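Asker: The whole structure should be built from the sequences, with the hints applied where relevant.
Residue numbers (this note's numbering), protein chains in the order written: chain X, 1 to 112; chain F, 113 to 225.
These are calculated hints, taken from the structure and not from any lab test. Just so it is clear, the structure is predicted and the values come from calculations on it, not from any experiment. Accuracy of the hints is not assured; some may be wrong.
[Said to hold, decoys possible] So the derived label-pair ranges between C-beta atoms look like this:
id, chain 1, residue 1, chain 2, residue 2, range
1, X, 25, F, 152, 28 to 38 angstroms
2, F, 210, X, 54, 13 to 23 angstroms
3, X, 38, F, 196, 21 to 31 angstroms
[Said to hold, decoys possible] Not close to chain F: a few residues of chain X, all C-beta gaps over 10 angstroms, as computed:
id, residue
4, 28
5, 41
6, 44
7, 57
8, 61
9, 67
10, 84
11, 110
[As the list claims (entries may be wrong)] Facing chain X, from chain F, some residues (calculated, C-beta under 10 angstroms):
id, residue
12, 118
13, 149
14, 153
15, 157
16, 171
17, 172
18, 181
19, 183
20, 202
21, 211
22, 212
23, 219
Beta carbons are placed, not taken as given, at the ideal position from N, Cα and C, and that holds for glycine.
One letter stands for each residue in the lines below.
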Amino acid sequence: GQNIDQPTEMTATEGAIVQINCTYQTSGFNGLFWYQQHAGEAPTFLSYNVLDGLEEKGRFSSFLSRSKGYSYLLLKELQMKDSASYLCAVRDPNQAGTALIFGKGTTLSVSS
Amino acid sequence: DGGITQSPKYLFRKEGQNVTLSCEQNLNHDAMYWYRQDPGQGLRLIYYSQIVNDFQKGDIAEGYSVSREKKESFPLTVTSAQKNPTAFYLCASSAMGQGSDYTFGSGTRLTVV
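Answerer: Structure below.
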């Protein structure tokens, strides 16, 4: 089976930096994805990691350590519009082919 | 423009009725997926299909059925056997490459009345 864990809720202040962690235990691994989801909407793609290390994309960065089964999403210069749920997802070909297995998501609230 | 279309956006169903949710894509993607999302929860996989005329059960397939007769279409039927069908349903598609991310539809919110 699979297990993907992330904190349920986080709060931060506008302009700050926040790190959202994700740990996973899967029988296979073929990439880790981060998505952003605003309430009532479909998720949108943020980042993809398949090799160890840091991927940077503007204000968003994502890190992966395969040996530790660990990833984090780093959001810099937080804005009010960053208030959303952040979903960590793993592609495990042993369990579900090309399908992504999602964690329960982390709800981030950004205040002024 | 290429994309993925789910319909309807809102759907009400009486207990004991079957209902079918539509999902159509014109992205030429081989793989399609159905997920269910409950309040405060992540996405749970119902069914997925990687090729026409073939599909696989996900973690919560009981009470649901699908078909994949055409590459573009992957309808989901919520049967009366699904005991708690009220949820937000998301369809997605992807290419088959390793790093291929999903294109999501806008979702269907199903309510049992």
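Asker: If a hint holds in the structure, say so; if it doesn't, say that too.
Answerer: These are the hints, each one checked on the structure:
no.	hint	verdict
1	X/25 x F/152: 28 to 38 angstroms	violated (22 angstroms)
2	F/210 x X/54: 13 to 23 angstroms	holds (19 angstroms)
3	X/38 x F/196: 21 to 31 angstroms	holds (25 angstroms)
4	28	holds (12 angstroms)
5	41	violated (7 angstroms)
6	44	violated (8 angstroms)
7	57	holds (13 angstroms)
8	61	holds (17 angstroms)
9	67	holds (19 angstroms)
10	84	holds (13 angstroms)
11	110	holds (18 angstroms)
12	118	holds (9 angstroms)
13	149	holds (9 angstroms)
14	153	holds (6 angstroms)
15	157	holds (6 angstroms)
16	171	holds (8 angstroms)
17	172	violated (12 angstroms)
18	181	violated (19 angstroms)
19	183	violated (15 angstroms)
20	202	holds (6 angstroms)
21	211	holds (5 angstroms)
22	212	holds (7 angstroms)
23	219	holds (6 angstroms)
Hint check: violations occur at hints 1, 5, 6, 17, 18 and 19; the rest are consistent with the structure.
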